Amino acid sequence: MAAVLESLLREEVSVAAAVRWIARSAQSSEDDPGEAAALSPLRPLRKEFVPFLLNFLREQSSRVLPQGPPTPAKAPGSSAALPGRPGGPPRGSRGARSQLFPPTQLPSPAAEVPSARRGGRRRGPGPARERGGRGPAGLEEGAGGEGLPWAASRRPRGSGSPGSPSLARSDPPNLSNLEEFPPVGSVPLGPAGTKPSRRINPTPVSEERSLSKPKTCFTSPPINCVPSSQPSVLDTSPWGHGLPPGCRSLQEEREMLRKERSKQLQQSPTPACPTPESGSPLPSRIGNLTAEPADPAGVSSHRRLELVALIYSSCLAENLVPNLFLELFFILQLLTARRMVAVKDSDLEPSPGALDSLESPLFQSVHDCVFFAVQVLEHQFQVLSCLDKGTLKLLAENERLLCFSPALQGRLQAAYESSVAKVSLAMPPSAQAVSFQPETDNRANFSSDRAFHTFKKQRDVFYEVLREWEDHHEQPGWDFEKGLGSRIRAMMGQLSAACSHSHFVRLFQKQLLQMCQSPGGAGGPVLGEAPDVLSMLGADKLGRLRRLQERLVAPQSSGGPCPPPTFPGCQGFFRDFILSASSFQFNQHLMDSLSLKIRELNGLALPQPEPSDEDGESDVDWQGERRQFAVVLLSLRLLAKFLGFVAFLPYRGPEPPPTRELQDSILALRSQVPPALDVLALLQQGLRARRAVLTVPWLVEFLSLADHIVPMLDYYRSVFTLLLHLHRSLVLSKEGEGEMCFLNKLLLLAVLGWLFQIPTVPEDLFFLEEGQLEAFEVDTVASEHGLDGMPVVDQHLLYTCCPYIGELRKLLASWVSGSSARSGGFVRKITPTTTTSLGAQPPRTTQGLQAQLAQAFFHNQPPSLRRTVEFVAERIGSNCVKHIKATLVADLVRQAESLLQEQLVMQGQEGGDPAQLLESLCSQLCPHGAQALTQGREFCQKKSPGAVRALLPEETPAAVLSSAEHIAVGLATEKACAWLSANITALIRREVKAAVSRLLRAQGPEPAARGERRGCSRACEHHAPLPSHLISEIKDVLSLAAGPRDPEEGVSPEHLEQLLGQLGQMLQCRQFLCPPAEQHLAKCSVELASLLVADQIPVLGPPAQHQLDRGQARRLLHMLLSLWKDNFQVPVPLQLLLSPRNVGLLADTRPREWDLLLFLLRELVEKGLMGQTEIEACLGSLREAQWPGDFSEELATLFNLFLAEPHVPEPQLRACELVQPNRGTVLAQS
Amino acid sequence: MILTKAQYDEIAQCLVSVPPTRQSLRKLKQRFPSQSQATLLSIFSQEYQKHIKRTHAKHHTSEAIESYYQRYLNGVGKNGAAPVLLELANEVDYAPSLMARIILERFLQEHEETPPSKSVINSMLRDPSQIPDGVLANQVYQCVVNDCCYGPLVDCIKHAIGHEHEVLLRDLLLEKNLSFLDEDQLRAKGYDKTPDFILQVPVAVEGHIIHWIESKASFGDECSHHAYLHDQFWSYWNSMGSNRRIGKPRMEEQLKI
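Note that the protein sequences, when read in sequence, are chains A and B. Mapping of the first sequence onto the numbering used here: position 818 corresponds to residue 818, and the numbering continues sequentially without gaps. Mapping of the second sequence onto the numbering used here: position 74 corresponds to residue 74, and the numbering continues sequentially without gaps.
Bear in mind the hints are in silico, worked out from the structure with no lab data behind them. From a predicted model like this one, the values you see are computed outputs, not experimental measurements. There could be a bad hint or two in this list.
Label pairs and their computed distance ranges (CB to CB) [claimed, not checked]:
id : chain 1 : residue 1 : chain 2 : residue 2 : range
1  : A       : HIS1022   : B       : ARG26     : 25 to 33 Å
2  : A       : SER1181   : B       : LYS176    : 41 to 49 Å
3  : B       : ALA204    : A       : ARG627    : 35 to 43 Å
If you want a taste of the chain B side facing chain A, the calculated C-beta under 10 Å gives, among others [to be verified]:
id : residue
4  : ILE131
5  : ASN138
6  : CYS156
7  : HIS163
We put the CB at the ideal spot given by N, CA and C, even for glycine.
Extracted from the complex, chain B is given alone in its bound form (with noise of 0.2 Å):
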């Protein structure tokens, strides 16, 4: 499986203004059916937080979040099975996961003298049945499970493939008879921030030196990454893709300099 710099742009071109739902997922599962579902969903994921980080903003002025909340009330009045709260954020091209994030603050803002905290609201959207409106739970659970770019459970899923790419790295890593130090090493000696590896002898790879590895649970920012390291990155997205061990292609190696 190889996937150029050509073949990301071509997907990302689908995934303009795409809500992401399960739907749109298929759709893209169909159009590109040479390409893993976990791959897919990780451009998709990555460019649809781009999209996110864009417009983030708009969604956040007190006129807008007024709007969505009347709107809101008005489409539960009407029919509160409706999935009003996935069509408004559809509508209005934002995640659903952070659109049933804006109504359940406006909501407990209504209905409780304090503002509510974060971990409170971080908590019920976790588990929507500590909603204290059973209509809103529904909401905001429809719109938690059926996006697929935010909310708890992506992120636990994106933690999760984090995790066990360490572990596999790790397994590689033993298996190649590398030498290394792992994060909670590194960390018991004072680094705070660190990579995933430290090499405690450097090798090289394709000619390059490599000191230390961070596995990402998803593509790296591209914002925090100068041109030649995206393209570093894509070589290795390149030979790791083809790995059947390492599966898949989420491995970065990074230069130190």
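Same shape as in the complex, but just chain A (with noise of 0.2 Å):
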């Protein structure tokens, strides 16, 4: 693997051919063969590369980010950097390089034989707790040195044998250790931003599993977010995980989760301080605050550090790594490096000549770290660019990166100007008031009245508990199972029925959805207590109020970029209601439950938006199903995950099976086991019809709760094989027809990526399968039709889903609050705020308890009247805009154009730039969109109330009614009036644009034309003939000119003027002319006039009189004369009578006749139709062309007598005669 890297580095193979390598396995044909040769002996080793890739870097980065391992001097020569293995060859290390080390010796146990595939699971018989964290493999590494430092590092150090070597140096800052800042209440951004606060004391582990491989040493993030030794909220549930083996019994195992519960709890108001373990008292970090700066001067190796940031960044753009947002935290960790280790100067020195090679360390400094980071940060922009904008702003305000590349940042800060990605990264939302579910109450659905009556009183049981745990449950010493377990007991113990269980499952489920997922994503009490006084704050305050809490509290609530699965707030008590009820019949119906109905959601067709709405007034409809998208996805997600822990329960264990042979028989045992919910067929059917977008983020929910023999058994192995072929399939960079919409890629990415970290997950699935992966084609059905292909997910429903993205902000927000001592930083001071201005406006508090009164009232209605009342208001909103649109907005464009017009008649024709134009429109126009908002409101209140009276049933009371008709007004008002104060000027400003450019476009020729004119009077009955008859009739006299013709074709001239009459017809009437064909008939006139000033015209009748007689030209000649000016509406050629063309239609004849011509010029001038001078000018012309000799001769006297007579009004003299004795010498001499 090594040498694959070096030869990239020495740039005997390019990095694309290298990636073209890792992703395919086959040969492909754009590859050089020079660098085939060089890549092909290392074959069996392709699908290792990545993950060596990324040991590589953490390996390299581990001096920098202290926080990893305590790495010994990287000096080559001291390969202390990885303590070769005792028993076995050093793995992954720069030492190792050049031995290509046999594949099972790699990192991942991906490098054994497929067969052996299972065994890789096996574990050493080490502690459960190991297992708990997500570097498990630490520990043996501390001691025996078998894994990659970072992953020994990444539990405290000292949890390991002191003596090991990767301890023999003094420990460096740990940066990620919270307790050594400043607490919370004064940084408000903390680092603890980096770790979970909620640290634990660590149990030490004596027992070392010298067979455990690193469980996730390449896909783990070099800080131990969740230290092993920390267990998480999963860790500490009474199934198993995490508990020391032998204590096994559910009692035991609750009195464990007890007090690791008190601990967490006593803990939790000091989040900061936790205990340091013992073994090995952490280092003060008082004084290590400060960070080395970064300076572009002093990068080492840039050659080297691109080369790597690019191959880095090609794997992470053909999603080879697992966890791109894992990847993106390691890079915001590099960028926000604070200092080096020190090293022996030494150590430092390159050795001469190595520099393209592994021999020297690729981060010499702090320097090379940024520079690499900023390097692969460019490489991401794309999607740093769909992050958040708090984190945009973090970014774009890092000084580090401004001074590496100063383009990225302003591109960056582009982005965060633009973006409107605002998320909150607060908690997930507490418990929410009760509700009562009156259609459950229904004694129709029970089979007695005893049994009714029994599920009445279990109602109020289970309603009292909740009530208890949410008033009890955030107090210290506080135990869920001591507090209600038996209570819980005795009330399931009642359920003798199966029906009743049925009906208790129904009410239990409802209670989940409902609290656990509170419609507005975000919601929650403020700060848990006192709402009251917090709701006289008023909403805006409110949001300023609960952005502090975020900052106050957030950090805390999360476990680094990759935490493991967690049942956050008020699902906490969901889950332990089942632990502590431990029914059978409970879960079992359950299970069935949620089976239905996340497969009743999976396939409800959502709506998806009408192709035609394209622009602004169906804004306000998509995002109501964006919303309802936002809502079944994580309805989904929420039944998913109960349903996984509920299935997978009793299966779950501390520790994958230690021997083989154990595993081997549970695997066996497990294999005849129908799956809980088809999710195989259910993830087959979501990609056919393009909706992985919906079905993977809840099935990688159900997923993250399995248990270790899950991934092993054939059906979820297949599973897992899909989803890794949809993970390596969503290229980001990918865009067009058919593919998936970048946030929704993202979001399947951030997902299956945590995923595929879950310590259940073996690590060694997501290399394994990459062989695999070439033959994976979906056949879409409905290809266009998808979700996959629209835009249903944003910013918040991406944090929602992922909250662990929202690390990389607080990465970056620690990095600002450290640095902030020194530089004074970014850090927002949160300004206090008084309720003083609160008078000018209706008390908020009013507002929050019309609220409560309207859930209250719907709460006693019949559900249509909500889905009424609710639709009303939707579709009146949505019309309102509309409305609006068609009426203030149109009537605002209206305006545009006519000041348009009147600039431009003032400006001229030039009328200056149109951008500017706009502009200055705009800033007229867009301030009389205030008025849409009292528009909108009176729309919503006139055509509410009708509706609603006319949706519901006649019967209903009046006072219901009118309650109705209010409520719908102001759900009406509030969905039209957000809209419309969001986008209401941008819509203004599309609409002027697309008017002025539609005018600038019609300008064209001539706009004076445009006007009056056109049209026919209105008693005409169009009777005219038909412009292409004329077109085609004047093109057959043409034609019938220019020849060829048979000798009897002709026209008559009575025919000529019928023509020209119904020309004249026709241009009058202008029912059915269209621009084009009367710019061709005007040319075709003029090309009339001159065959007929050129006597060209073949005239039907006697052979001898083949002509038409002069009488008849000049009557023809005036019929189009009068034609030119009064009738056509287009500018008429006439310059073409004069043409070279024309006029040497002239030539042909003999004898040449030129009064016809003289005649025709004059009337010109005379009609005003041409100038004197531009028939000067056209003569002038015409005199250079290439003529006979005889025929410029005329020419010239033509010239001559034009000129000589300009104002003869009726040329009574026959032009020719004057030229006559000119023209016989001529003939005289021809």
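Make one complex out of these two single chains by using the hints.
Structure, rendered in structure tokens:
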């Protein structure tokens, strides 16, 4: 592997070729033969390259990210960097790069022969706790040196054997250690962001697992966000995870849980001060806060870093890494690395000529790290630009980034400014008020009065338990099982009949959905208490307070970029309820019910936007649909999580089975059990119907709660394989027809990446399956109409589903707060607000109360009433926007048009810069958009009541009706005004812009003509001949004149006259005339005139007289002249009369007759159709053309004649006679 | 006036390798006196276009172009006033306008350094007096006015017919009180490819539900129509053809499926 990297660094192999090599097993024809040759011997190692690269980077960065491994010196020769495992060849170290170590030695068990795959999962008989965390391998490493160093140090140091090489050095400062950062109060977003704050004393583990593999050496973050010794919420749960073997009995586990929880609870108020573990007192952090400045000039080897950054970025782009966001997190860690661990100077000196190899450390200084990070970030800009506004802001304001890549900073700044993705990192909402479900109270659903009665009692117990939990669960020392366990079990005991179970399960599930998935998403009581006081603040202030709360609280709530599955907030109640109830019947009914609901929601036909509504007016509908998608998705995730929890509960164990034999027997047993829900089929369906964006997120939740055996079962293995295929196919840079939307892809990548990091998912899975990926093709059925191609995911949903992405922001924030001491930083002060300004607005409390009243009102009414009111509000709100667009906005557009006309008239034809024009128009008109809100309010006020009245039953009591109407008005107004206030300016701007460009385009050749003159009188019955007919007729005449023609062919003068008459009629009627036709007719009429002048029209009649007589010709010319003057509305190309070609027609006639031409020219001047000078200019240029000698002379004469008699009103004289003598001589000469 | 598919075929039969000139059209008219000139011209144009589509490529090989150009040069060298280009086109069975275009392009290539742009060529074909060579200008003009199936004038006629029928159709719809959205309104709503009219309330015509109406300047392109749609089209041909008000049997209504 190292050889591959080296050949890359030596530029023997191009990055593109290497990525192709990694991504596809088959050799591509694009490959350079040399490159192929360099790579081909390494083929068996292909799939190990990515893990190697990731490990390499982690290893290299270990000195800079001292929270990583306390890596010993990296000097060449000092192979202490990766101490060889006793009894095994060194792995993955620089020292080993030249030896093509056998695959089995690779960091990932992926290298093991496939048949040993299961064996790969085998862990040593290590204590359970090790498996709980994200870096379970750490301990053995500390002692045995088997794993990679950062993995080792991801657990708090000292837990391993102190004598191990990795601990030989003094501990570097551990930035990730929360306890050394200022308390939350002083630095709101402390570095706590990088770590979960609820640290629990690690339980020291003495046993080693010599056989075990580093669990997540390459996939875990270098900082151990959830150190293995620190049980996650999941770990503390009583189903076995993280408990030492031997205390498996439920009671014992519960006891353990209680202890752990009380510890947690005690710690949580002072999250910043976990007790340092025994054995390894953490070094004091004082003085280490200051970060070393990073300077682009200090970068040691640009080329090398660029190359590694490029190959790394390419791997990211091709989704070759398991978790994109984890890598981003790592990169941001590098970007914000504070200082390098001091090393001996000699260590730093690169050995000569080794710069291009792996001999010298990749990151020799903070400068290198930052340079590398910025390089990678540049490649990842597309993803970065989709992060939330806060993260973008922190990135854009990062001074290192500015210093290393002003260009990237500029792009980020622009992305920040244009971003609308404000995402709050609020914790999952906690319990909402208990609601009663009248429909489940229905006696008709029960077999007997008794059952009904029992159920009612159970309901009461359930809600009592729930309320008690709400009141007490945050108190220290309170315990679920102790407080509620017996009551729950007693209640479950009463549920004897199967049907009662199903009733209760329905209630349970409804309550679960209602509580854990608040409609607003981020709701939740602020600060958990005194809601009355807080609601006094009003919405604005509440928002600020919520943000403040987030900054204080949010960092504690998550566990790094890859937290294990948890049950936050009130989900905990339901989990604990299930555990305490420990009722098989209940669990079974619950699974049935959850499966059913999941199927139902998963198959829900989500409304799709009408294709025609691409413009703004549908935005308002589309927002609603996006919200609906979010609700469905979040519900599905919640249900699937609980289904997974219950379904795998019986199998959950602390550890994968210790021996192969045991494992095989378990597998044999488990493969008999049908899956609780046929997720494979649902996944396949989802992929086919292009609904992966809906199906995959909940499936991931389901699988995240699977036990260790599950991924080894054939059934689930195919699920995982499919997911892996999907993961690889979600290349973010691919865009186009049929591709998934960017944010949809990002969501899937995030959840899948997270899934691949779950402790129960074998780490080898990701890389092992890689070889089989080529054949992935989903035959999509309805490819255009799938959800995947629609922008259903927004940042809010992304962050709600994947709160761990917020870790990026926290990491950056912690950098800012850490460096603020020195530089002043960007930390925003939270300005205290007062409630003084509230007087101006109606008291918000009333509004809050109103909302509550409305909720209460609906509770007591049939559900159809609520649906009706919501439907009416939805439609009226949407119609309101459309109405505003058709009235107010259309008026403004008309104003804009007339303003523009005025300006055009004022400025003359040139008009000025369209962009400027648009700006000035918009600045004049946009302020009027404010009226939209008033008008919108009026519209909703007017329209909603009628609609509600029409839709509700006649018999609805008046009071109910009027309440419903009021609520509908309120909701519709809210909806419409929210959209209008956000979008009206943009809408006006867009419409005005369209109108302006339409107007400017239509400006065209002659703007004045498109006025009144169009169209005929109202009396006209449009009987004039059709333009097409006339063009066709005139064309016939022209072709006849142009020949070739048969001797008997010709036109009669009457026909010509009739034709011109019809032309006149048609030009007056204009009903069927379109501008192009008119232009062609104008041009044809000029041609016709030229033919008349040159006497070239073959006339029917006696053979002797094949020509028109003069009188007829003049009459026809007169008709044409009057058509040109009075009837044509397009410019007539009269200058064509004097084009060399048309004048040349005269040259062919013998004897030549010039009088008609002269007559025509004079008439043109007379009628003002052409200016004297214009004609002179044409005649002048005519003389320059090549003519026969005699013709030139005649032309000159004509010219002189025309000049000589400029103002003869009626040319009585036959001009030709004047020329006659001249012509006579010419003829005589020829 | 009823035109069946058989009649169409009969007319089309007479049009095999007939040059698209005024004379051919006149002969056609003599042969089918019962059909209007517009109908005949439309069928002629339709059939001829099919013919050109089939044979287009062979006239555009560089050898062919070169040989045409040489023949043209020889011809005008002997007699510039003779219809050299037109006869050449008729002889090789190609549309005169298109032949004129080939020769013009070739001519401009020879006389100007840069290859002529399409818009320049089009503009010269529309107005041959822009052609620098007087003889060629006359030849091109002759081709254009004599071609009854191709060329700027024919295009304009077709466009005019399309427009006229749209207007007729609109009047008819207004007269029948059918609410519709026209192309401009549809485009403003964001449709990119639109039929001429969308009926806001569908109507049933002879048992078929009509959602939208497209009026064509010529017969619908057979290749793009399914057979059943084709039959449908003919039935409309019949019904519309008898309607004096619409006049020309060019109305096509398609079913939106």
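Are there hints from earlier that the structure breaks, and if so, what are their numbers?
As far as the earlier hints go, only 2 is violated by this structure.
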